[in-house]
Amino acid sequence: MCYSFYLSFTEWDMLSPTPELIGLENYREAFDDPVFWISLKNTFSYVLYTVPATVILALCLALALNQVEKLSGLFRAAYFMPVVTSAVVVSIIWKWLYQPNLGLINIIFGFLRIPRMSFLESTSQVMPSIAAMSVWKGVGYSMVIFLAGLQDIPSYLYEAAAIDGASGWKLFRYITLPLLKNTTLFITVTSLISAFQVFTEPYILTKGGPVHSSRVLVLYIQETAFDYLQLGYGAAMVFLLFLIIMVITAIQLVTFRSRVEF
Amino acid sequence: MKRWSIWLLVAAMAVMGLSSIANAETVLKVWAHHHPPRVEKTQALLDEFEQLNPGIKIEFTTMPYDAYWNKLLPSMAAGTGPDVLHVHGSWTTKFVDAKVWEPVPETVLNEIQIGEWYEGVANAYKRNGKYYGLPYASNTWALFYNKDLFAQAGLDPEAPPVTWTDVITYGKKLTKFDNGKMMQSGFGLKTKGTHSMLDYFAILNQMGGTVLDENGRPALDTPVAKEALSFYVSLVKEHRLNDPDFLPGDEGFAQGKTAMHTAGSWFGDQMDLQYPDLNYGVALMPRVEGGLPLTCDIGSWGWSVSARSKNKDAAMRLFTFLNTKDAHVALFGVEGMPARADVVADPRIQQLVAGKPELDAFMQGAEYSMFIGDTIDWPKFEAAITARLESIFYDNVSVDEAAAGMQKDAEKIIKR
Chain D
0 MCYSFYLSFT EWDMLSPTPE LIGLENYREA FDDPVFWISL KNTFSYVLYT
50 VPATVILALC LALALNQVEK LSGLFRAAYF MPVVTSAVVV SIIWKWLYQP
100 NLGLINIIFG FLRIPRMSFL ESTSQVMPSI AAMSVWKGVG YSMVIFLAGL
150 QDIPSYLYEA AAIDGASGWK LFRYITLPLL KNTTLFITVT SLISAFQVFT
200 EPYILTKGGP VHSSRVLVLY IQETAFDYLQ LGYGAAMVFL LFLIIMVITA
250 IQLVTFRSRV EF
Chain A
0 MKRWSIWLLV AAMAVMGLSS IANAETVLKV WAHHHPPRVE KTQALLDEFE
50 QLNPGIKIEF TTMPYDAYWN KLLPSMAAGT GPDVLHVHGS WTTKFVDAKV
100 WEPVPETVLN EIQIGEWYEG VANAYKRNGK YYGLPYASNT WALFYNKDLF
150 AQAGLDPEAP PVTWTDVITY GKKLTKFDNG KMMQSGFGLK TKGTHSMLDY
200 FAILNQMGGT VLDENGRPAL DTPVAKEALS FYVSLVKEHR LNDPDFLPGD
250 EGFAQGKTAM HTAGSWFGDQ MDLQYPDLNY GVALMPRVEG GLPLTCDIGS
300 WGWSVSARSK NKDAAMRLFT FLNTKDAHVA LFGVEGMPAR ADVVADPRIQ
350 QLVAGKPELD AFMQGAEYSM FIGDTIDWPK FEAAITARLE SIFYDNVSVD
400 EAAAGMQKDA EKIIKR
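As given, the protein sequences belong to chains D and A, one line each in that order. Take 0 as the starting number for the first sequence in numbering that gives the first Met the number 0 and just add one per residue. Take 0 as the starting number for the second sequence in numbering that gives the first Met the number 0 and just add one per residue.
Hint data in this document are derived by calculation from the structure and do not stem from the laboratory. Any given hint could be a false lead.
Derived DSS-like pairs (lysine-lysine); straight-line CA-CA distance at most 27 angstroms [to be verified]: (1) 411(A) with 94(D); (2) 411(A) with 206(D); (3) 40(D) with 175(A); (4) 146(A) with 191(A).
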């Protein structure tokens with residue numbers, strides 16, 4: 000990490016024997032580079048599409064699964080399977096599913112009278128499409144953590160509340176949700192950190208296209224460093240990404256930390 | 000320990016040391032990316048070299064294409080890289096600037112008869128009058144067409160299109176729609192990916208334009224450039240021979256859903272290997288009325304000696320061996336057409352080509368392959384031009400705006 004920080008003040012193509020110090024030039028280049036800003040915007044879009052969706056969906060699934068007694072193991076395995084499947088394999092298969100003319104999704108949409116979508120071929124649909132696939136793949140992981148969190152809530156609390164006449168939504172709102180706060184915070188923070196670093200899915204699905212519409216920051220950094228051989232500039236962008244993730248994580252922790260109630 | 004045993008130990012060590020010096024072999028590391036047909040033939044050549052040169056042992060390593068570039072760079076930077084490496088002509092600028100490739104000495108050039116190389120093909124490896132490696136193949140571009148789909152559409156499968164006007168006429172007959180959705184593309188014009196740039200540049204050259212002007216400055220927003228770009232775009236936007244939503248050309252052609260597609264000679268090898276039932280023909284690149292079937296080349300595969308090698312003499316000897324006429328004849332048919340004219344004329348090659356009319360288009364095409372821009376840093380340049388091209392199809396950017404954007408990006412990159 001320190002070496003990477005040092006590199007961010009140099010210009011180096013990996014082939015020359017030593018990096019050349021150029022001060023803040025790389026950071027200036029990032030601010031002037033439209034593709035850097037587009038990549039950052041795409042990354043933020045991806046985070047906004049995936050993190051809330053994952054948290055909410057995982058919670059719903061966990062709540063539902065918590066009620067299930069028979070075959071609960073089977074359901075958990077089913078939802079968790081995408082998590083352990085290779086991201087590369089998942090992406091390749093979804094690339095075919097998303098093919099506008101020949102892919103299964105549009106064919107099903109046709110039967111349901113839903114208009115045909117362009118998915119990965121459209122600059123506006125590509126990020127939500129990639130996000131949808133990622134949510135499908137990752138929700139099982141968060142669901143399992145929520146399940147653990149739910150099972151940690153002592154049942155006597157529910158019983159006590161039921162005696163007082165509370166039910167359904169009130170139980171959820173005043174017992175479940177507050178006691179899940181730590182779990183929710185953990186899942187949100189880790190999902191966020193991981194979402195900011197998304198790479199495999201866009202790399203396999205679109206390589207950043209069409210035009211730059213799915214070029215996320217880590218993908219652009221990889222191209223800059225290893226295809227264009229500008230390691231210094233790549234390192235500078237890595238450091239900027241690191242700063243952004245740190246700041247957002249810090250804000251989250253400070254805002255939500257000290258509110259565990261009993 | 001007893002004194003005599005110490006002396007025995009020292010004597011044993013001395014004997015072992017001396018014998019290892021006597022047996023000292025030069026070990027040459029050769030790296031290539033993994034393309035099964037070529038790897039087999041290369042191995043045979045390397046074995047032959049070892050037999051002719053006792054005392055030199057070769058360690059041949061191959062790796063998948065994607066990994067090759069990423070493994071080669073750090074290893075050359077660390078000095079643990081190969082002595083002789085398999086390289087691509089489009090890498091020359093980067094590697095020569097970083098002084099990582101060894102210039103080929105005059106003596107070697109004379110021995111291998113450098114005059115036999117097709118100038119355009121060899122130029123990809125030349126900088127400031129020196130060669131930094133040499134290609135064994137020339138990557139010509141040609142028109143692939145599906146003979147079955149031609150027959151189905153009532154077209155003569157042995158009469159492929161010659162001009163772009165033909166492409167449009169035939170293409171319209173070969174394109175099929177179902178409820179407004181494209182099910183078959185008549186001509187897979189590339190709407191994305193770096194090969195779209197190659198096709199656009201080919202048309203630009205055919206219409207009399209150039210990518211770089213005489214001073215090496217980009218010329219991508221001149222009237223002729225805009226004309227070429229408009230024509231390129233019209234094949235999709237006006238004549239509807241392909242759809243930005245449809246399968247990419249490589250895949251479409253392989254699946255029998257794209258009737259005509261331009262690609263390099265490697266594409267034929269791939270189709271033969273993975274889709275042997277595909278009934279296809281190969282023709283020269285379509286041309287503008289009264290023009291030449293020019294195609295665009297940014298380099299082809301070859302060999303190079305590492306400037307960081309610790310066994311440069313031995314490495315150069317291997318390089319010389321790999322670039323003799325016989326070595327090139329042995330390597331023929333794996334990655335394109337020969338780079339040497341005397342190989343094309345060799346009876347062994349003539350015999351191989353005799354039964355395969357589709358190879359003819361590639362052989363002839365080598366003459367029309369235009370190598371462009373020996374000053375261009377390709378990876379970033381390709382990415383920028385491709386993004387501008389894609390923006391016309393996927394972002395509704397106008398041709399004029401895209402051309403201006405290409406010019407601006409090109410100026411910035413070439414200035415670097």
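Assess, step by step, whether the Cα of residue 411(A) is no farther than 27 angstroms from the Cα of residue 206(D), and give holds or violated.
holds, 23 angstroms
27 angstroms limit on alpha-carbon distance, applied to hinted pair residue 40(D) and residue 175(A)
violated, 38 angstroms
Between the alpha carbons of residue 146(A) and residue 191(A), is the straight-line distance 27 angstroms or under?
Given pair residue 146(A), residue 191(A) holds - Cα atoms ~25 angstroms apart, limit 27 angstroms.
Sort out whether residue 94(D) lies within 27 angstroms of residue 411(A), counting only the CA atoms.
violated, 34 angstroms
Violation of the numbered hints given earlier is confined to hints 1, 3; the remaining hints are satisfied by the structure.
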